[in-house]
Amino acid sequence: MSKVKVEIRNMSKVYENGDGIQNIDLMIQAGEILTLLGPSGCGKSTILRCLGGFQALDQGRIYIDGKEVTALPPEKRPTSMVFQGYNLWNHMTVYENLAFGLKLRKYPKQEIKQRVHEMLDLLKLPNIEKKYPSELSGGQQQRIAIGRSLILEPAVLLMDEPYSALDAKIRQQMREELKRIQAQTNVTVVFVTHDQEEAMSLSDRIVVMEKGKIAQVDTPAEIYENPINRYTASFIGEMNFLPTHDGKVKAFRPEDMALSSSNGDYQGTVQEIMNAGHYSILYLAHEEQSLKLYLNKEEAKKYEKKQSLYFTINKFKVY
Amino acid sequence: MKYLQPRRIYRSFGKKFFFETLIFSLFILFFYGPLMNTLMLAFAEQYQVPHVIPTKFGFQWWQYILSQDNLLQSIFSSFLIALFTTILSMIICLPAAYALARFEFKGKRFFLFSFLLSNAFPKIGLYTALGILFYKFQLMGTLAGVIIVHILNTMIFMIWIPSSSFQSIPIQQEEAARDMGAGPIRTFMQITMPAAVPGIAVSGMYTFLGSLEEAQGTLLVGFPEIKTMATSMYGIILDYPPMAGAVFSLLLVIPTILLLWGCQKIFGKEIFSGGISM
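Order-wise, the sequence lines are chains P and U.
Numbering follows numbering that gives the first Met the number 0, with no gaps: position 288 of the first sequence is 287.
Numbering follows numbering that gives the first Met the number 0, with no gaps: position 156 of the second sequence is 155.
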């Protein structure tokens, strides 16, 4: 049974312009990758910065490994942060960047050397220790930054949108690498992103945030299948909303329906069929709305534009 | 020679080229003329009316200047004062520059612009007022007094330029250092300062050169005990032939040129054209 690594109790921090977080309660399990997900201004970075000690709280307490750290400055907390950019110090080599924390803690020279080499091996980046950050690519820089944080064996690794500045292909590789490193070191990771695809593929659990409050905390599968409210439903994945006669909405995923040319609960006209590789997207005009439906590529061939179609919803939620 | 007549050039290359070249030549003459004249005089050994250019060149006046003890003393004082001014100014101004760059506090704007005040008034008025205070504290004619005057002149550079340099360092660099376990002071010394080196070097250079040429305040406060090259210059112009003045002037100009060239070589040209931004 995993134990609780980080406990956040009733944490609030509100900025002058109204942004911030209010009454956050959260328990982070040891060894999990927890993602804070939400749009700009929802407070995810604020939680991370408060955890790291870079932001003072208005109220609340933070406990790491059972000890209270609320009043401690960043250098005294067992956390380590990887920022979106400008992580590495440009006037130091990769070796010096990695060794900085260890030198500070007065580790013997031999041990520093050994740990740096071990870390570079873990990152699969041997032989670059004499290079300067300006000689590395964006992806390599971020990996070294992660290595620099991990070399101090922190209790929690905090990551503030670390891959947002990289291009899509590299981002994919970095995610896989992070999972590999995390599996090997078993470090607890708190990851912040606005990219729901990143959150879904990377996390053990996701915290969906809305305007400074937690909307839902669950595994990616659970959040996708059972979003707790309209906000979460529309934020994760694609969702169709059909208004019901008593003021609520019926929400269903584009793939959770069955199409038929002859019968079904609802009727609509085909606006457009778009090929997306191994599946197709069919846009159906229904009562002044354009619904998005997913079909496999074989089925999509059966239908054409302006055709009248029926569909039945297999799974839905009402909000 | 026939083809160099102005009329021919005007006709063949066009009015625009002609006048541009004319104005440019006049500008060059105006700008470099005095410098050329100084160079010429400094190496002149025999220069009498009615000759326009010296008849004999040599190092006679250089030997003369360098043999005068009081002049050598003033050269030494100049550089000593410049060095002290730069170092002390750095110690006082750089932390202030950092505070202005990173922190918000009441009266910040006022502080920032207050450093412009000393440059807003005719300096001699300021120095006179300063002189009264110095008499009270018995700082007149002392090295400390002169250095204080020099530091006051440099504050605007040593605060505005480094502050802008500090501001341009991404805060994540400093936060990462704190995260690794470094305290605020260590972070400042090992992470912030190295990253701000170009800005600090340039303002240090301006400080050093500014101190070398500072004459008004030094004259008022330091004379007659403290003599720098700038203050001695007044005397030299009056008491010696122009060649001596030329030599002395070159002695002042050469370090300036060397420092500027060195800075530009190490840090690049953008640091000068960037200007002061806040």
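Hints in this document: simulated from the structure, not taken from any laboratory.
A few of these clues could be false.
Estimated spans, in silico, between C-beta atoms of each pair [stated by the list, open to error]:
(1) U:M188 / P:E110: 18 to 26 Å
(2) P:N89 / U:F29: 38 to 46 Å
(3) P:S39 / U:R185: 53 to 61 Å
(4) U:Q263 / P:G276: 53 to 61 Å
Chain P stretches covered by chain U per the calculated footprint, using a threshold of three residues with CB under 8 Å from any CB of chain U [stated by the list, open to error]:
(5) 16 to 24
(6) 78 to 85
From chain U, some residues computed to sit far from chain P (all C-beta separations above 10 Å) [as the list claims (entries may be wrong)]:
(7) F18
(8) E19
(9) K55
(10) F56
(11) L132
(12) A176
No residue lacks a Cβ here, since even glycine has one placed at the ideal position from N, Cα and C.
Going through the hints against the structure:
1. Roughly 25 Å separates the CB atoms of U:M188 and P:E110, a value that falls within the hinted 18 to 26 Å.
2. Separated by about 44 Å at the C-beta atoms, P:N89 and U:F29 satisfy the suggested range of 38 to 46 Å.
3. As the Cβ distance of P:S39 to U:R185 is approximately 34 Å, the hint placing it in 53 to 61 Å is violated.
4. Roughly 56 Å separates the CB atoms of U:Q263 and P:G276, a value that falls within the hinted 53 to 61 Å.
5. Coverage of the region 16 to 24 of chain P by chain U is violated. Counting CB-CB distances below 8 Å, 0 residues qualify, and the rule asks for three or more.
6. Only when three residues or more bring their CB closer than 8 Å to a CB of chain U does the claim for the region 78 to 85 of chain P stand; here the count is 7, and the claim holds.
7. At roughly 48 Å from the closest C-beta of chain P, the C-beta of U:F18 stays outside 10 Å, upholding its exclusion from the interface.
8. The beta carbon of U:E19 is kept farther than 10 Å from every beta carbon of chain P, the shortest such distance being approximately 42 Å.
9. A cut-off of 10 Å between C-beta atoms confirms that U:K55 is not in contact with chain P; the least separation is 54 Å.
10. A cut-off of 10 Å between C-beta atoms confirms that U:F56 is not in contact with chain P; the least separation is 48 Å.
11. The Cβ of U:L132 lies farther than 10 Å from every Cβ of chain P, with a closest approach of about 42 Å, so its non-interface assignment holds.
12. A cut-off of 10 Å between C-beta atoms contradicts the statement that U:A176 is not in contact with chain P; the least separation is 7 Å.
In the structure shown, a violation is registered for the earlier hints numbered 3, 5 and 12, in ascending order.
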